[in-house]
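Chain order of the listed sequences is A and G. For the first sequence, full-length UniProt numbering assigns the number 1 to the initial residue and increments by one for each residue that follows. For the second sequence, full-length UniProt numbering assigns the number 1 to the initial residue and increments by one for each residue that follows.
Careful: at least some of the hints might be erroneous.
[As the list claims (entries may be wrong)] Facing chain A, from chain G, some residues (calculated, C-beta under 7 Å):
(1) Val82
(2) Arg84
(3) Arg91
(4) Gln102
[To be verified] Counterexamples of contact, computed for chain G against chain A with all Cβ distances above 12 Å:
(5) Gly29
(6) Asp105
(7) Pro116
(8) Leu134
(9) Glu155
(10) Thr231
I should point out that these hints are in silico values taken from the structure, not numbers from a laboratory. Given the structure is predicted, the values throughout are model-derived calculations rather than measurements. Heads up, the beta-carbon is just placed ideally off N, CA and C, and yes, glycines get one too.
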Amino acid sequence: MSRLRLLLNRLVTHLMDRMFGDWQADRVVPPTGQTVWLTVFAAATMAYLAVFAMALALATGRLAATWEADLAQAVTIRITAPDAQADAQVAAVLTLLGTTEGVETARALDADDQKALLAPWLGTDLPLDRLPLPRLVEVVQDGDLDVEGLRLRLVAEVPGAVLDDHGRWREPLVRAAGGLRTLGWSALALIAATLAAVVTLAAQSALSANAQIIRVLRLIGAQDAYVARAFTRRFTLRAAAGAAFGTVAGLVTIAFLPEAETAGGFLTGLGYRGVGWLMPVLIPFFAGLMAFFATRRAAFRALVRFE
Amino acid sequence: MAGAQAPERNGDHFVIELQGAGYSYDGTGLLSDLTTAFAPGSFQFLTGPSGAGKSTLLKLCYGELKPTKGAVLLDGRDSRQVGRDGLARLRRRIGVVHQDCQFVDHLTVRDNVALPLTVAGRDPAAEATNLDQLLGWVGLANRANATPPQLSGGERQRAALARAIIMDPDVIIADEPTGNIDWEMSQRLLALLAELNKLGKTILVATHDLALIRAAKPLVAARVLRLAGGTLTTAGAEL
Numbered sequence: 001m002s003r004l005r006l007l008l009n010r011l012v013t014h015l016m017d018r019m020f021g022d023w024q025a026d027r028v029v030p031p032t033g034q035t036v037w038l039t040v041f042a043a044a045t046m047a048y049l050a051v052f053a054m055a056l057a058l059a060t061g062r063l064a065a066t067w068e069a070d071l072a073q074a075v076t077i078r079i080t081a082p083d084a085q086a087d088a089q090v091a092a093v094l095t096l097l098g099t100t101e102g103v104e105t106a107r108a109l110d111a112d113d114q115k116a117l118l119a120p121w122l123g124t125d126l127p128l129d130r131l132p133l134p135r136l137v138e139v140v141q142d143g144d145l146d147v148e149g150l151r152l153r154l155v156a157e158v159p160g161a162v163l164d165d166h167g168r169w170r171e172p173l174v175r176a177a178g179g180l181r182t183l184g185w186s187a188l189a190l191i192a193a194t195l196a197a198v199v200t201l202a203a204q205s206a207l208s209a210n211a212q213i214i215r216v217l218r219l220i221g222a223q224d225a226y227v228a229r230a231f232t233r234r235f236t237l238r239a240a241a242g243a244a245f246g247t248v249a250g251l252v253t254i255a256f257l258p259e260a261e262t263a264g265g266f267l268t269g270l271g272y273r274g275v276g277w278l279m280p281v282l283i284p285f286f287a288g289l290m291a292f293f294a295t296r297r298a299a300f301r302a303l304v305r306f307e
Numbered sequence: 001m002a003g004a005q006a007p008e009r010n011g012d013h014f015v016i017e018l019q020g021a022g023y024s025y026d027g028t029g030l031l032s033d034l035t036t037a038f039a040p041g042s043f044q045f046l047t048g049p050s051g052a053g054k055s056t057l058l059k060l061c062y063g064e065l066k067p068t069k070g071a072v073l074l075d076g077r078d079s080r081q082v083g084r085d086g087l088a089r090l091r092r093r094i095g096v097v098h099q100d101c102q103f104v105d106h107l108t109v110r111d112n113v114a115l116p117l118t119v120a121g122r123d124p125a126a127e128a129t130n131l132d133q134l135l136g137w138v139g140l141a142n143r144a145n146a147t148p149p150q151l152s153g154g155e156r157q158r159a160a161l162a163r164a165i166i167m168d169p170d171v172i173i174a175d176e177p178t179g180n181i182d183w184e185m186s187q188r189l190l191a192l193l194a195e196l197n198k199l200g201k202t203i204l205v206a207t208h209d210l211a212l213i214r215a216a217k218p219l220v221a222a223r224v225l226r227l228a229g230g231t232l233t234t235a236g237a238e239l
């Protein structure tokens, strides 16, 4: 048992050393205050922004999916007819829908329903009976509805009825939500690239400040990986720590944003839902990973340049 | 080089060979067509006027520079063909002492001396006895916890020598090791180098101090090479 523990301990130490550099290597390089704060501050700021960019991407993704699913599931039939014929045409449409495959439910909206629909734009004291409004039939489909076939049947059997599958305004909305989602992920990519650039600059600065030590290390037989690890360890840990702080700050800010249900607007729905709250946990890991590779690359380039 | 013959490989001993090696800085030739070999277990002094290229020649010998002409063989391997990691491994078999010592100033003398072990992946704690013996041998046992800036010139040179030999190298190269220290300390350092040579180490010392070379005569059978005008000659009895 103790041998197994020793083996595991060695394995973990080896992996940690390979990943972050060993403590001895780290000790050789004196800490430089300027690069510490630059890295930590940049990582915290970028992580804070990343929390919002990720929230935007996730929220717009949810929105696009909701619009796509909800609106695609429902179609509306609009009946424009003189008052005397309106009820008959609605009945004809309902009869037709009753024999149409793929229709789950069909319901004619009454005056109260229509009033509720128009209330956000025209107010609640609406004299609907004085307005020449078309009659509406709401159809919920089960996925097998042949929309084009239904449209043709309506033209033939109920000439005053027009089928609206919401495609005309649904597609631009879904496209817009998709665009916002792309914007969110692009912002995340830009944030990652910016963090990598800042860490690279900080690492280059630290490497230049320690050029003499690097020369000594090379002289006594240090391989490039050893020298690089002395720097990657501290930059990785600094970036991860800074990003953890920024992520927590970002999540607290998000948590205090007004709820969508309360304020009712789209942008107030910016946030995380369910397991989505776990995704920002990845930000410090990615920040550390980014810093690791940025520092390693800068170190290897500097080592070749110094000699 | 007149009179210099390539020695035979001696088992696992490390041999440095120059085969028509030359070096130019920005197209200006500093060293040209140098051919010699440093036999295992030999003691060599490299002398010559300032600016003759002694340090450059030493750098060629431990792979910090690569020849712009000809070849330098380190343990039989052409230094131009050896990759950076391979070169680092070769350097663990060559201890180098510089005039300015080149320490990591925020580490203690003990840690500086142990640094080659650390970079080679060995645990200095496991070799503490060797480390203590070595520090005692160079007379720095009571200065082990001092930092390099706290040491005198002679102490720094001895600490640099200790760091150079901690890995038990085959070759020790010293570039003007007595340049910054007094005569008494120079002789003490020379005695340490002579002792290492008796243990079978190849020693190559660059110096412009002819008195030091004369002082070495009773201690070791040293070959003296003179570098001047970009070429290498064996110095005669005039030294």
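Hints and how they fare:
| no. | hint | result |
| --- | --- | --- |
| 1 | Val82 | violated, 12 Å |
| 2 | Arg84 | holds, 6 Å |
| 3 | Arg91 | holds, 4 Å |
| 4 | Gln102 | holds, 5 Å |
| 5 | Gly29 | holds, 22 Å |
| 6 | Asp105 | violated, 8 Å |
| 7 | Pro116 | violated, 4 Å |
| 8 | Leu134 | holds, 15 Å |
| 9 | Glu155 | holds, 18 Å |
| 10 | Thr231 | holds, 27 Å |
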